[in-house]
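Line by line, the protein sequences are chains A and B. Going by our numbering, the letters in the first sequence line up with residues 55 to 332, in that order. Going by our numbering, the letters in the second sequence line up with residues 55 to 332, in that order.
Calculated from the structure, these hints are not laboratory results. Hints are supplied without guarantee of correctness; some may be wrong.
Claimed, not checked - Taking lysine-lysine and the DSBU-like style, the derived pairs with C-alpha atoms no more than 30 Å apart in a straight line are:
hint	chain 1	residue 1	chain 2	residue 2
1	A	Lys-124	B	Lys-131
2	A	Lys-124	A	Lys-194
3	B	Lys-205	A	Lys-216
Just so you know, these numbers come straight off a predicted model, no measurement behind them.
Number of protein chains: 2
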Amino acid sequence: MTKQELLANIRSKNSFLCVGLDTDINKIPAFLLDEQDPILAFNKAIVDATADYCVAYKPNLAFYESQGAKGIVSLEKTVEYIRTNYPDQFIIADAKRGDIGNTSEMYARAIFDYSDFDAVTVAPYMGEDSVKPFLIYPNKWVILLALTSNKGSSDFQLTEDKNGERLFEKVLKTSQKWASDQQMMYVVGATQGSMFSEIRKHAPHHFLLVPGVGAQGGSLKEVVKYGMNEECGLLVNSSRQILYADASKNFAFAAQEEAIKIQEEMKMYLLEWNKTAK
Amino acid sequence: MTKQELLANIRSKNSFLCVGLDTDINKIPAFLLDEQDPILAFNKAIVDATADYCVAYKPNLAFYESQGAKGIVSLEKTVEYIRTNYPDQFIIADAKRGDIGNTSEMYARAIFDYSDFDAVTVAPYMGEDSVKPFLIYPNKWVILLALTSNKGSSDFQLTEDKNGERLFEKVLKTSQKWASDQQMMYVVGATQGSMFSEIRKHAPHHFLLVPGVGAQGGSLKEVVKYGMNEECGLLVNSSRQILYADASKNFAFAAQEEAIKIQEEMKMYLLEWNKTAK
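Build out the structure end to end from the sequences listed, making use of the hints.
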C-alpha cells in the first residue's frame, strides 16, 4: 500500500485507528474454545466488527508464536481473512525483528512473501544492513522502533551522545538515509505525549505508529496535538481496550462500541485538522 | 542448564563450538527435497554428525519462519530431536526478540514453554522490562545483543555518550543489574577481534556467544586470545561453513569434518588454557 492510499483510507473512514490483534488464548471468551481454531474465530469476529472504524490491523506475532505451529496457522489465516475481505486494510506484523543481512532477508520472506503483510516493525540496534532487506519489497513498509512506550525505553533510547543527541533521535536521523517516508514509519509510544514535538523536529513527514493509548495510559488528545502532521501522519493502535472489552458472547459488539468510541474522537480531530475530511 | 553444567560439557568434549542451524531449504542437498520434512531430515543428519564435537546448537528462527507454519513444525521437531538424543546439548533460539513486558512474556512462552530451548537471543533496545520476562525461567538463559558482527553494528552500538561510554558498553553494564552471569550471556561478533578485551573489562565472567567466525571473516585465534576467561567463557558459533560444506549425499560427513577441524583447534586452545582439560 502506498502512503497516498493509506491517507485516502484515513480520509474516507475518518479514522487513523489501528486495531492490535494481541489475541491471547487465555483471554478470549470461553465459549470460543470449542471452535476448531479459537484464535482465528475470535479474530474474524473482531475484524468484522471493527473494520468500518479502523484503517489497520496489527497482529502481534508473539501471541501467535506462543501457541507453536498451530498459532502460526491462526496468524496466516487471519492475515488471509483480512486481505480477502477487507483489502483496504493496512496489515502490520508487529514482530520487532532485526538481524544480520541474510537473516533479516529470511524474516522479510516470512512476513512479505509467505504472509502478505503490508508492514513489519523492526528493531534498530543492529543498524543499516539489518533493516535494508525489509526495504526491497515495493509498497511494503518498515516501521522502525524509535521511542517506545514502556518503562525500559529510558534505559538506552534516551541516552545522549557527546552532542546531546539522544539515541532515538540518532535512529530517526540515521534511518532516513535508508528509506524515505514513502516506505518507513516509526514506532513512538503514546505515554511520551510531549515527546511527539521532539519527534516531529526530526521526522516531520513520516507516519508514526503509536501504541500505548488506552491500556498503557497514553492520551489520544496529546498525541494528536503534538504528533499530527499535514498528512495526518498517525496510526494510533489500541489492542486490549478493544479486544477484551467484554468476555461474553457479546464480545464483538463490545469491541465495536470501543472502536466507534475511539473513531468518533479521531473524526473530531480530523475535522479540525482538515475541513475537507468528511 | 547451569553454567557449571555447560562448563563440564566444554571440558569433557574439548570444544566450545556451537553449530548454527541456519537451515535454508534452497541450500540443502537436492535429494533431501523428496523427504516429507527436508529441513528436519537435514538437521537430524547434521546433528548426528556433529554432536560429538560441539556443545551447543543454535537454530536461527528466521530460516524456519520463512517456511510458515510447516517451518515451525520442522523447528519444534529439531529441538525435540536434539533434546531427546543429545540431552547435554545447550539449545539456543536465535530470535533477537524484545518487546514490551506482556509481549516478551509471550515470546518467552513460545521459546521456553512451548519449545524447550535453553536460551534465547534478545535485543536490548527496549530496555529492562523487555528482557526480564525471559529471566523468570530457572536455568534458562538470555543472550543479549551487545556488539554484533555485521557492518551496521557501528550505526548505533558504537555511539559514545557524554562520558565516552559506547552504547554496547552501556548495554553490558546496565544489563548486569538485571541478571548475573549464571543466567545471562552476551552476543559479541568475532569480526571485532580486539574488541573482546574491551568487552572483558565490562563482563569478565560472562559467557559470550560469538558469531562471525568463518563465513563472516572472524578469526578463532583472536577471539580466544582476547575473549577467553577463567571458565572458558566462549561459545563460538559456526553455521554456513559446517552446514553447507558439501551439497552431495556426502553432506553430513563433510559437515562432520568441518566440525572436527574447528573442534581440534579449540582443543588446542583449551589445553593451553587449562592443563586439566583432557
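Hints, verified against the model:
1. Lys-124(A) - Lys-131(B): Given pair Lys-124(A), Lys-131(B) holds - Cα atoms ~14 Å apart, limit 30 Å.
2. Lys-124(A) - Lys-194(A): Status holds; Cα separation ~26 Å.
3. Lys-205(B) - Lys-216(A): 22 Å, holds
The structure agrees with every numbered hint stated previously.
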